[in-house]
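Protein chains in written order, with my numbering: chain L, 261 to 681; chain F, 261 to 681; chain W, 261 to 681.
What the hints contain is simulated information worked out from the structure, not anything from laboratory work. Just so it is clear, the structure is predicted and the values come from calculations on it, not from any experiment. Please note: incorrect hints may appear among the correct ones.
Note: identical chains are not told apart, hence a pair may lie in one copy or across any two.
Unchecked claim - Heads up, simulated DSS-like pairs for lysine-lysine below, C-alpha to C-alpha not over 30 Å straight-line:
1. Lys629 - Lys333
2. Lys356 - Lys627
3. Lys458 - Lys333
4. Lys617 - Lys406
5. Lys458 - Lys606
6. Lys487 - Lys356
7. Lys629 - Lys312
8. Lys488 - Lys606
9. Lys606 - Lys487
10. Lys617 - Lys356
11. Lys522 - Lys452
12. Lys418 - Lys333
13. Lys487 - Lys617
14. Lys629 - Lys389
15. Lys418 - Lys627
16. Lys327 - Lys452
17. Lys389 - Lys593
18. Lys617 - Lys522
19. Lys327 - Lys487
20. Lys312 - Lys627
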Amino acid sequence: MYELAERLFPICRSITGDGVRQTLEILKVEYEDLQVYEVPSGTQVFDWTVPKEWNIRDAYIEDSQGKRIIDFKENNLYVMGYSLPMDRRMSLEELKQMIFTQPEQPDVIPYVTSYYQERSGFCMSENQKNALQEDTYHCVIDSDLKEGSLTYGEIILKGDTEEEVLLSTYICHPSMANNEVSGPVVTIELVKWLATLKRRRYTYRILFIPETIGSITYLSQNLEIMKKNTIAGFVLSCLGDDRTYSIVETKYGDTLADRLLKNILQYHFPDYICYDFLHRGSDERQYNAPGVDLPVCGVCRSKYEEYPEYHTSADDLSLISEEGLQGSAALMKKCIMALEYNYFYKLSCCCEPQLGKRGLYPTLSQKGKYSDAALVMRDLVAYADGRIDLIEISNRIHTPIDRLIPLIDKLLENGLFEIVE
Amino acid sequence: MYELAERLFPICRSITGDGVRQTLEILKVEYEDLQVYEVPSGTQVFDWTVPKEWNIRDAYIEDSQGKRIIDFKENNLYVMGYSLPMDRRMSLEELKQMIFTQPEQPDVIPYVTSYYQERSGFCMSENQKNALQEDTYHCVIDSDLKEGSLTYGEIILKGDTEEEVLLSTYICHPSMANNEVSGPVVTIELVKWLATLKRRRYTYRILFIPETIGSITYLSQNLEIMKKNTIAGFVLSCLGDDRTYSIVETKYGDTLADRLLKNILQYHFPDYICYDFLHRGSDERQYNAPGVDLPVCGVCRSKYEEYPEYHTSADDLSLISEEGLQGSAALMKKCIMALEYNYFYKLSCCCEPQLGKRGLYPTLSQKGKYSDAALVMRDLVAYADGRIDLIEISNRIHTPIDRLIPLIDKLLENGLFEIVE
Amino acid sequence: MYELAERLFPICRSITGDGVRQTLEILKVEYEDLQVYEVPSGTQVFDWTVPKEWNIRDAYIEDSQGKRIIDFKENNLYVMGYSLPMDRRMSLEELKQMIFTQPEQPDVIPYVTSYYQERSGFCMSENQKNALQEDTYHCVIDSDLKEGSLTYGEIILKGDTEEEVLLSTYICHPSMANNEVSGPVVTIELVKWLATLKRRRYTYRILFIPETIGSITYLSQNLEIMKKNTIAGFVLSCLGDDRTYSIVETKYGDTLADRLLKNILQYHFPDYICYDFLHRGSDERQYNAPGVDLPVCGVCRSKYEEYPEYHTSADDLSLISEEGLQGSAALMKKCIMALEYNYFYKLSCCCEPQLGKRGLYPTLSQKGKYSDAALVMRDLVAYADGRIDLIEISNRIHTPIDRLIPLIDKLLENGLFEIVE
């Protein structure tokens, strides 16, 4: 997975343009049934309009000696996203008006964009800016902003039912590792794994989209079916570092997606951080917006906005690792398996079944001699009354779902459990 | 407001009689559409009967030298409320049977009444009582208790809807400042302010009544319409001192009135005291009684029964101040404005609206650069899904309603917000 | 009650057999309308089968000198419950395979059974076992295990309604005092008391059954009527010691039985222990099992499994006392009286009634002079709005139900209270 991250990292993405297309082409190599869609600039999508397409080939600032102060080819964060083309000479004072820095982190280049107001701008570290001398600078941005389209990718994995799980990740940031490439890398890994499952209860809708305008555009085309079918969804981002996990709750914090994540994380990563909806920032904003109201949480390791390298040049490949990515993929697989098993189970007989005669419970009774396994089995059976789902059973009996799944398989095989439809 | 308090303070009020009428006449000068009603003694009002009317002209105790030990004209608390007329000479021992004091506060005259059992009695400070010498005392109460009526005042301010807000205060105590005149003074101030509003969503029913028997009498005449229309109500009393605010919850603590007061006070007076219904004592007793069940809370600064001067001669004009009265009026205005704006709002588009193009959100994106105002706007919009009212939105986004009102006005003007009926 | 416990203690009971029958005969002397039922071995009861009947006459181990190492007549715990007959000589090594001890409590004989797998075995203290010398031992169990029946007792006390309260206790352990005889002793005391009540609102179903297989058998015969009528039930066990009370909640901890017990115990034994359903172990297991779902809690002093003497020879008559048994009976009577009075009450008038004219409230008003009794009356009346039951009123006004019952009687007599059907 890290190797894929390395391939995706250098591309200069934005919310439109060839960077998005190149990214989707690389992902298509990983899973060929990825469908790519183009939506023309100017299309009205709810309250928004698909913007002009932005592409950039080169940019630099040269001093009067012809020495390049900054060079887009070295780091694509040097240019403010969606900068208009320019080729001008200017004084230091004039130049400084166009430069964005992050003064409280003087060593890093910040990531800045201006999608919906036409501007030009450069970004550099506070230290670089302070080192600039009085001079005449040659400032070049070889970009264009014109009618084109917004590009996104979609994979639908059909399941036994029309009920859907949404996995959504974004592909719209230039070279940042955790807050960009970790999302699509983990998501495509989940796609490959989901495709190998013998059966899928749910249909999986997996999206690779530009943040905000991408989800708004996609929702404007698919809202009805998504509102009808979506039982839970997850916005996957910032999943490659080695810090603990975090989630962003839905608007009211009480959907199946919230309940699932809290259940899994409380057992496996009890130090995880639960951010309420006021801390949202990625596409859970749109999925939870009025009129959309889908049960979609955010899932991260270090949450965007909350870690120091966020939206700067320090969010590079050294911040993420194979282990970080693998851990996130493993967590999401655990979540998905729990979801697939999250039925309302009902014992097929009245009273406790005689587990002993089936080898599922000890036949000798003496105090202190019941194994923990026997007690878990007994508790699972006791709550299989069809009133609460597996997540709630797991919460009540203080036992992780992945430990209950093999027991459920046995109880289903023995005909002792039925699924309440 | 303090000046009005000074005019009301000297009057000897009780649950019936001319003191009530004089009080209402003074209030009528402030707001002429105050309607005064008389209900004859003997009228059956639910389980109660309107009592005889009590009036008192004079009272005193003289020693054998003709020296006045106490004089009603100096302080009307010297006579137990509803005392029968008397003109008798008696020994010290006999006199002591008729004297009420507050031994744990030896300097003050307590306020004592016996409305429903006919008695006579005097009140004085414990110290005064202890200083009495063996002597023959001439005890005179020039009162009468006879068929008459119970008097109350009512103001109805019509609004756009028939839904009503109740403001209720009492006018039945003799010369006490906080626990009597502060209530009608603040209430008449609210009436004058409400009358100036360009529009009122709600109809306001404002009552100036004797406590307990007055609210029972009023309810017996108006219960049906009040049960049909009342959305929230407030018993206003003890609002003139300078100590912090307190509320008395409704019977189950969960009505709109409770939610509103807790919302406002948590932001503006976080050290306020929330008393549960077991601490009730004024007319919220009757408004919340079985069969009435109206959503009415008590609002005070220092709550009756809970401050040392309560129901004694120490509750005089020095205990209240213009600032104290003004603060209470300002708090209630804030509550009323919040109530008037407390709709279920719904965003008129799907997904977040593009606030940037309307100048309601920054167009440049860089980490750490969103103003608090931008985030409040974003959160307000996110919860405008028609599921929760403004009070609940305010609670969830940790922002006072008076800060949200100007944003709501803008969003309504822009057509982005709709009111869910 | 202790005297009855002494009579029941020596009998060697198991889940079937003559020990159960003798126990029921003794209880029938206490209350003659106890009905005894026999259910044949082999009867299918839900997922279980009524087992063969086990009886034992004698058992011992003799060393080669003819000295008895253990003797069933001294303590019936020496034989594993449901042991097959045997008469064999064996080496020490072979013998040790058949011996069960409780190594962490080296002085006591543990109580061990093997109902559903045919085995033989002896129990002794760890110290006894360690003291055994190399020798040839003569091991005799004079028992039989053959077709017969399972025996249980039932008492139905009819009430004014068909709604039922279940009291269930077990009679299937050999000589143990707290974890066996205390249950039937307290239960029969409750039966005798219930039979003397002038009227009973509820019908009482009282069961004396072998644990687990007994409740499953009984439920298989009576499930429909019990599901229709049972409003609350209690499994009574371990009620004779002097330690504090404990309860075992129902599956969701929210039934009338849970609410009642928590209400009574919080006032009278605030140090009681509330165990959640994961700590169940007696017949509340079956009463709460899927498909049964009855509102039945466990009630104990020291809960089974939680006190050191549990399921050992140390649970003897010295562990229980007359005071312990009386206290438990008194607690349950309090619970039953509360249940009988647990109506939704409604005040028959609007507003507060005029309690003063009925002598139920003071007629003189002065601060600090209201008695606690007056305030309780006022609060009881205020919450009599037909919305909450007496248990909830008691919780809200912080007053035990047994203090409210005499007030309710007065209010009903005065026509001020009505019962909401």
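For each hint, the structure was consulted:
no., hint, result
1, Lys629 - Lys333, "between (69 Å within a copy, 27 Å between copies)"
2, Lys356 - Lys627, "between (79 Å within a copy, 19 Å between copies)"
3, Lys458 - Lys333, "neither (46 Å within a copy, 63 Å between copies)"
4, Lys617 - Lys406, "between (75 Å within a copy, 19 Å between copies)"
5, Lys458 - Lys606, "within (24 Å within a copy, 44 Å between copies)"
6, Lys487 - Lys356, "neither (48 Å within a copy, 68 Å between copies)"
7, Lys629 - Lys312, "between (71 Å within a copy, 25 Å between copies)"
8, Lys488 - Lys606, "both (27 Å within a copy, 21 Å between copies)"
9, Lys606 - Lys487, "both (29 Å within a copy, 18 Å between copies)"
10, Lys617 - Lys356, "between (82 Å within a copy, 26 Å between copies)"
11, Lys522 - Lys452, "within (25 Å within a copy, 52 Å between copies)"
12, Lys418 - Lys333, "neither (42 Å within a copy, 71 Å between copies)"
13, Lys487 - Lys617, "between (47 Å within a copy, 28 Å between copies)"
14, Lys629 - Lys389, "between (72 Å within a copy, 19 Å between copies)"
15, Lys418 - Lys627, "neither (50 Å within a copy, 39 Å between copies)"
16, Lys327 - Lys452, "neither (47 Å within a copy, 75 Å between copies)"
17, Lys389 - Lys593, "neither (45 Å within a copy, 53 Å between copies)"
18, Lys617 - Lys522, "neither (36 Å within a copy, 38 Å between copies)"
19, Lys327 - Lys487, "neither (56 Å within a copy, 82 Å between copies)"
20, Lys312 - Lys627, "between (74 Å within a copy, 24 Å between copies)"
Hint compliance for this structure: hints 3, 6, 12, 15, 16, 17, 18, 19 are not met, and every other hint is.
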